[in-house]
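With the hints as your guide, set chains B, C, D and E onto chain A.
Residue numbers (the numbering used here), protein chains in the order written: chain A, 234 to 478; chain B, 234 to 478; chain C, 234 to 478; chain D, 234 to 478; chain E, 234 to 478.
Just so you know, these hints were derived from the structure itself, not from any lab. One thing to keep in mind: the hints can contain errors.
[Claimed, not checked] When the alpha-carbon atoms are kept at most 20 Å apart in a straight line, the in silico SDA-like pairs for lysine to any residue are as follows:
no., chain 1, residue 1, chain 2, residue 2
1, A, K247, D, D249
2, A, K364, D, R365
3, D, K364, E, R427
4, C, K363, B, D421
5, C, K354, E, R301
6, C, K333, B, P250
7, C, K354, C, N395
8, D, K354, D, D412
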Amino acid sequence: MSEQRNYVKYTFLKIDPAWRRRSSDERAADKREFAAACREFAEDHHLRAYSLVGTRGDSDLMVRAIARTLEPIHELHVLLNQSGLMRYADVAHSYLAMTKESPYSDEPDKPLEPRQGADSKYLIVYPMWKKREWYRLAPEERMRVMREHIDLARRFTGIETNTAYSFGLDDQEFVVAFDADDPAEFLDLVQELRSTESSAYTESETPIFTCISSSVERALDALDGEHGVRASPSDSPGEAVRAPA
Amino acid sequence: MSEQRNYVKYTFLKIDPAWRRRSSDERAADKREFAAACREFAEDHHLRAYSLVGTRGDSDLMVRAIARTLEPIHELHVLLNQSGLMRYADVAHSYLAMTKESPYSDEPDKPLEPRQGADSKYLIVYPMWKKREWYRLAPEERMRVMREHIDLARRFTGIETNTAYSFGLDDQEFVVAFDADDPAEFLDLVQELRSTESSAYTESETPIFTCISSSVERALDALDGEHGVRASPSDSPGEAVRAPA
Amino acid sequence: MSEQRNYVKYTFLKIDPAWRRRSSDERAADKREFAAACREFAEDHHLRAYSLVGTRGDSDLMVRAIARTLEPIHELHVLLNQSGLMRYADVAHSYLAMTKESPYSDEPDKPLEPRQGADSKYLIVYPMWKKREWYRLAPEERMRVMREHIDLARRFTGIETNTAYSFGLDDQEFVVAFDADDPAEFLDLVQELRSTESSAYTESETPIFTCISSSVERALDALDGEHGVRASPSDSPGEAVRAPA
Amino acid sequence: MSEQRNYVKYTFLKIDPAWRRRSSDERAADKREFAAACREFAEDHHLRAYSLVGTRGDSDLMVRAIARTLEPIHELHVLLNQSGLMRYADVAHSYLAMTKESPYSDEPDKPLEPRQGADSKYLIVYPMWKKREWYRLAPEERMRVMREHIDLARRFTGIETNTAYSFGLDDQEFVVAFDADDPAEFLDLVQELRSTESSAYTESETPIFTCISSSVERALDALDGEHGVRASPSDSPGEAVRAPA
Amino acid sequence: MSEQRNYVKYTFLKIDPAWRRRSSDERAADKREFAAACREFAEDHHLRAYSLVGTRGDSDLMVRAIARTLEPIHELHVLLNQSGLMRYADVAHSYLAMTKESPYSDEPDKPLEPRQGADSKYLIVYPMWKKREWYRLAPEERMRVMREHIDLARRFTGIETNTAYSFGLDDQEFVVAFDADDPAEFLDLVQELRSTESSAYTESETPIFTCISSSVERALDALDGEHGVRASPSDSPGEAVRAPA
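Just chain A, same shape as in the assembly:
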């Protein structure tokens, strides 16, 4: 069963405003190097990119990397460090987690890998801690409380939940991620969950990141508003997506 488990790494990057002072050509090269490192990892593993431009202030870009062991995730980040972009970027938030069968699930065969087809428009991610009282409850009591939570969540059919576990690997206990096409539906779900019994056992569930699904290239282009990555006949490198005046 252990062989089914995967490491999941969320890396949130904040770009130094000084990067935007570099020339258009330099920025295009910086982004190409970053994208190449992502592409190489994605050949054998799972990688998705997200833009946070316009949804958060402390992060601009998020990369989610998934692999069976830690080594390729380490190597991905070594390669990213070689890219020009990382000379002007900081890791604003970082979450390391692992997939694991849920004790509350009634789907024993649910695969512990990301489903490639689940390409919603948004991924909402947050680290979570439960209160210690939660863990002192009897297992059947916890099951009862989680059942109410799960039943309510199932009524929101546009939301798909992915829970990963971080106990002992990183600060948080869980990293929870939700695929959604309509954030308003997720907002309504979270607001309704506040009244459930399980909600009283939450110690912390912030920061909450609304991430815009994107190709690596588009997420990079959102950093400076220029087509620096997708070199194509019609896109001259460094051309502005849309000039602000």
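Below, chains B, C, D and E without anything else, positioned relative to chain A:
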């Protein structure tokens, strides 16, 4: 009903002191690019700017952008990233929220869009979290507590409340904004509310931002005290508003 | 009654160490521009400067500005932004508040403006929050508790208290300031107050700033130890106050 | 007994992104100087290096130094300060601790020095504080609670625990370190421990660092993805480990 | 009695890594200017320097200055600001306090000045806050609790305690400092104190700084590992203490 809802994005900017070392012409160009991005968004959506110079230390300028979907808000921030100003600015605070009908409102037809005419001199904004105990109260109990709160607030006729919801979209639960011409009246209201029952259910309501209503151009000019944006025959670009000696 | 109220703005500045790398002449000019902005405001309003060099690590200089409306305080900070000093300074702490009659005072005629003559050697300032339980007490109970507090404080005759209110304008509820010539007397007062009933209702009262009363010019000269501001026949600009070796 | 005790110093470094803008040769020299300081210390004392690239966002490299007295640990850090790398690095986290016999151990002869042979693939480290209630329990009660904890941990045979004490030397009470080849096993252990009685007495145990065992040279090379340290015939200095495109 | 009291100022400095990029001669001059300011103050007042290189990550150097009034402490820091070192240093932590007779002491004649002869190898320093409940206890109850604390501490004969008071002068209530030659003895003392009744009344006692007693010159030389301060025939300025390779 869902089609009435709007995304509301508050972006608070802090200018790097190094920006003020740039030449007067460079700063004027930086500001014009920023203003142009705001203008373009405002053609189809709602955008207002506010100055925090003199009221806060951690933010200089706030942009409030409202749209039916997240895409134009994302694109606005991509365009802002292209402006020279964002090469020397940091997003100090960022709040993403949505409008939604209030369960406590007795005005079922209250529009969920900003009223264009509500141009008070100040907008006071803060993120809010309620204690989890609040959400475990029975709905009629919550209604009773909120009624006392609303009745008291109504006696302060110069204050207009706008509540947006952030559950699951961002760290806070609510973003509350108040239009006011006289901050002293708002101070008195908040002080009186401390004694109400509802106040005991507040988990956090800081930071509190007193924002000065402004055109985008004036809010930008307050950053360096120069007329860099409103190019007009009588305003030579970069001319000081008032020289400090 | 409302016309008696004043806005009080505390702006604490931290100088970037890089400022000290500028030439002596440049620093002198930077300080003169800052002092000129303060002087202009002080023509029609109240402004005092304080040095924190040697008492705090996170702030070097504090400006307290008082005016009937927010506009001149906003304009003062726009002018400060134009000065060379603000190209190398950060607002480390900022508190916005208003004067208001105290419900506990037995001096109904106490003016709500700073007394120009009260020029103690030190001003001790801190933001304060009370616990929510405090606000749920009956008014006569609060009066009783505050009476014990005030009676104890009156025995320390060298200390004068100035309380301003920030509810809804800024993060804190109060900004409390004490004029004192002997900080040791204030230390003894605060230590004795710990045993009073009112002390149990304090949620937070830090950071605490011991500010050294100063002219604007002297507070600026303490930043680099040079006479850069007071241009006079006997002071050549940039001359060191005392060379460190 | 006192002569068996050792100081243990954990130094977590975060590299300034600006370091990656230096030339390949400069970076290679910077790393060689750092490695030389480590080597010199390791001649007479214990030193191990770990990489955090890909597991954390706030630290890139950790050095664990162990010695009988504080002087050589001080001197190691003076030497590190001389290296080029420390001109572009910050100490992101620092923990000072000492080994000491455990009152709960039934292995009285357990050596208080690191076992040179215990070279697991990962070292998981965190600072820990217990609640004050813990220390008010009777010794036999604490022994009973710890026994349950220890018995559960023993079932995870791939995990080896190293506890050091920081009372009065540094902010935390303990620094706990776990040798593991399979982080998934550690995750399962920590999750199971949540249900034990001892877990309720934990005040704080974050941040949690998953550290990748490494030679000093390899941990340094992971910072920029280049072979800058291990000068060998087949490794030309500055040669990229693997180009990102 | 008041004339016996002294101000005690702890200034913890963190050196910007960029300082280490300056030339050896420049660094030597920077350090000489800093040392000269310390020497001048020490002519009439008490000043001691400590190194934190290797024991902390957030501070490199601490200066403890003691004087009867605040003025010379202010002037010392003005002079330090003139030194080249402060162009590349930040005040990471700052504590202002005063000596005062202890209500629990049975040594009424204990001088309130530092004993010049007490030159232990280490000074361990931390700010402290007690819970408000403590101050609501009856004086005789507090005396009883403190007696248990003091009796336990007296059994550790190698430790000497110095408590200073910060009520109303700075954020903390106390700054506690311990002279010790063997930090292991202090660790054992603090661990044993956890079980006393007084320990339950501690609100906070971090950060804890283990400071290495040093001359000003040696503490400065530890910043870059070069003899830049003590110009002597045998020490050529800028000569490395020990080259790292």
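Verification of the hints:
1. A:K247 <-> D:D249: Distance of about 14 Å is within 20 Å: holds.
2. A:K364 <-> D:R365: With a Cα-Cα distance of about 18 Å, the restraint between K364 (chain A) and R365 (chain D) holds, given a limit of 20 Å.
3. D:K364 <-> E:R427: holds, 10 Å
4. C:K363 <-> B:D421: Holds - the C-alpha atoms of D421 (chain B) and K363 (chain C) are around 16 Å apart, at most 20 Å.
5. C:K354 <-> E:R301: The given pair, whose Cα atoms are some 16 Å apart, holds under the 20 Å limit.
6. C:K333 <-> B:P250: violated, 35 Å
7. C:K354 <-> C:N395: With Cα atoms ~15 Å apart, K354 (chain C) and N395 (chain C) stay inside 20 Å; holds.
8. D:K354 <-> D:D412: holds, 8 Å
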